[in-house]
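All chains, please: the whole structure from these sequences, using the hints.
Number of protein chains: 2
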Amino acid sequence: MRNINEDTITQAVLAAMSDCGNDRLRTIMTSLVQHLHSFAREVKLTQDEWLYAIDFLTRTGHITDDKRQEFVLLSDTLGLSMLVTTQNNRKPSECTEATVLGPFFVTGAPEYENGQDISNGASGLPCFVSGHIRGLSGEPIAGAELDVWQSDEDGFYDVQNIPSPGAEVQFQARGRLQTLPDGRFHFRSILPEAYPIPHDGPVGQMLDALGRHPWRPAHLHFWIKAPGYEPLITHLFRNGDQYLESDAVFAVRSSLVVDWIKHEPGIAPDGTTMTEPYYTLDYDFVLQPAAPAQ
Amino acid sequence: MRNINEDTITQAVLAAMSDCGNDRLRTIMTSLVQHLHSFAREVKLTQDEWLYAIDFLTRTGHITDDKRQEFVLLSDTLGLSMLVTTQNNRKPSECTEATVLGPFFVTGAPEYENGQDISNGASGLPCFVSGHIRGLSGEPIAGAELDVWQSDEDGFYDVQNIPSPGAEVQFQARGRLQTLPDGRFHFRSILPEAYPIPHDGPVGQMLDALGRHPWRPAHLHFWIKAPGYEPLITHLFRNGDQYLESDAVFAVRSSLVVDWIKHEPGIAPDGTTMTEPYYTLDYDFVLQPAAPAQ
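Line by line, the protein sequences give chains A and B. Here the first sequence is numbered in my numbering, starting from 1 and rising by one per residue. Here the second sequence is numbered in my numbering, starting from 1001 and rising by one per residue.
Since the hints were derived computationally from the structure, they do not count as laboratory data. A hint or two may mislead.
Where chain A lies over chain B, by a calculated footprint (3+ residues, C-beta under 8 Å) [said to hold, decoys possible]:
#1 1012-1020
#2 1026-1040
#3 1075-1087
Calculated lysine to any residue pairs in the SDA-like style (CA-CA distance at most 20 Å, straight line) [what the hints assert, rightly or not]:
#4 K67/A / H1062/B
#5 K1091/B / D7/A
#6 K1067/B / Y52/A
#7 K1067/B / A53/A
#8 K1225/B / L1180/B
#9 K44/A / R1026/B
#10 K1262/B / L1125/B
#11 K44/A / T1027/B
#12 K44/A / E1097/B
#13 K67/A / P163/A
#14 K1262/B / E1153/B
#15 K67/A / P196/A
#16 K67/A / L1051/B
Think of the CB as a built atom: it goes at the ideal place given N, C-alpha and C, for glycine as much as any other residue.
Below, the structure is given as structure tokens:
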């Protein structure tokens, strides 16, 4: 420890953890330090580049608040979120695949009955969503809880539409509901559209410098929970979207790309007479049985 | 890009950078993404651990302001700062070795003449510091600029002693001076003492969880600049300090451990009659010639 140089520094940092009583933490930090140091050696990181990184992380922290999570955006755009999601969601191929949570989920969304309109005034073409939640053997899951959230036709989530700094969020196009006894759910909302992730901060500067665009293909988020099953965090993506091949957060899975079907004005699934075109989406989710308690 | 899974995600992220026009940036980000993903795979990072990391980085950002740099502390305590310092300061063994800048340097320190007292009222035992700045052939460097800074006897830097939030820093134990025509410098200050790095934030929690202490051995910081020579950022460490073997930021180099000599009351080097014990430190720095312009 007394004569640290570029060859001995890594071992010195690892040795300093020898009194750590938490084996998992020591495993994680050992790997983290080894990779962090290998990265710095491999690119021979300069003092100026290191200082830029310190400033980048500082700005990322300072732009983050309870409405905006720039570190999640950073993790998403570097593919870390999708890697962590997939390696923690290995499951039988019959089960619906998981994808990233994203930075716009919030707890405490309003509760709705099946059939209600969760858009709550958000702008967009009307869309009727329905489906079933089932288990691996096809059994319907009654009383499963769904959290659903999406952006409006301008690509903004309700949490981004704050009238003034510090004002309360008006929940729109976001809600919670439960499946019926036959495992079915259905609600009205709006058609999701492609949108750019917030790119007026450090992550946007990074994407720009890397020659990358900030767009995500249109999608609808689901977080589904039911006793006896693994929770499922996923999205459904709109087939035909131009950004399916270049999602800024690398979250697209083929099995999650589905058709939103366009209908001419007429009688909607809920019996409403629609005077404008509307869309329907029908999708059945299959949950994985919960892992046995360890 | 359409069917990302845990095996294809890394390649997908690298492929997304193919339009990056900045070769150095692409080199850095390629290595960063590869190591970040390898780390997550190696430890099979869980969703909860990922979320903890997001929260840790967020708190690290939020505690950072113009007086406190928690990301520098994080880099220091993980050994990254020392690695970057050493790999960017390879030099002939006759040259004084570099070490980390640390989070307490600030620009605009007061200017002093040789012989003046830079402590400006900071608490501590009196100390008279002197030395020469020379080149590799022993040539004295006149007019070299020194930035010097240190903590007081309680282990605090002036920037940590803010009377009230937002108040101006009163510079203490920090100053700038220039070498005389024979390359000599001398000033009065105080004896540095060992101190813990700020450990009431995320980095302190990390050290605690890893079974590490936050202490640094007593030291005096120097940043020396002279035309025609490479700048030198370094410290001198007090011989005999109990933390020389376990510096929390891994910055100790044997060649930088020196004796502060204790003297009984009497006539100090500057002619002052000292009625209390005082210390002297004498050290000669050797600068590396500047690299030729590229």
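A quick look at each hint next to the structure:
With 7 residues having a Cβ less than 8 Å from any Cβ of chain A, the region 1012-1020 of chain B passes the three-residue criterion, so the hint holds. Judged by the Cβ-Cβ criterion of 8 Å, the region 1026-1040 of chain B is covered by chain A as claimed, because 13 of its residues qualify and three suffice. Coverage of a stretch by a chain is defined here by at least three residues with a beta carbon nearer than 8 Å to that chain's beta carbons; for the region 1075-1087 of chain B and chain A the count is 11, and the condition holds. Proximity of K67/A to H1062/B is assessed by CA-CA distance (about 14 Å); at most 20 Å being required, the pair is judged to hold.
Using a Cα cut-off of 20 Å, the hinted pair K1091/B and D7/A holds, with the two alpha carbons roughly 15 Å apart. Restraint check for K1067/B and Y52/A: the C-alpha separation of about 18 Å stays at or below 20 Å, so the hint holds. Proposed proximity of K1067/B and A53/A is supported: the alpha carbons are some 18 Å apart, at most 20 Å. Restraint check for K1225/B and L1180/B: the C-alpha separation of about 14 Å stays at or below 20 Å, so the hint holds.
A hinted pair counts as satisfied when its Cα atoms are at most 20 Å apart, and K44/A with R1026/B qualifies at roughly 14 Å. About 10 Å separates the Cα atoms of K1262/B and L1125/B, which keeps this hinted pair within 20 Å; it holds. Pair hint K44/A plus T1027/B holds up; C-alpha atoms about 10 Å apart against a cutoff of 20 Å. Distance check on the hinted pair: K44/A and E1097/B sit about 18 Å apart at the alpha-carbon level, within 20 Å; holds.
Taking the CA atoms of K67/A and P163/A, the gap is near 13 Å; set against the 20 Å cutoff, the hint holds. Of the pairs offered as hints, the one joining K1262/B and E1153/B holds, with about 16 Å between alpha carbons and a cut-off of 20 Å not exceeded. Under the criterion of a C-alpha separation no larger than 20 Å, the hint pairing K67/A with P196/A is consistent with the structure, at around 17 Å. Restraint check for K67/A and L1051/B: satisfied, since their Cα atoms lie roughly 16 Å apart, inside the 20 Å limit.
The structure shown violates none of the earlier numbered hints.
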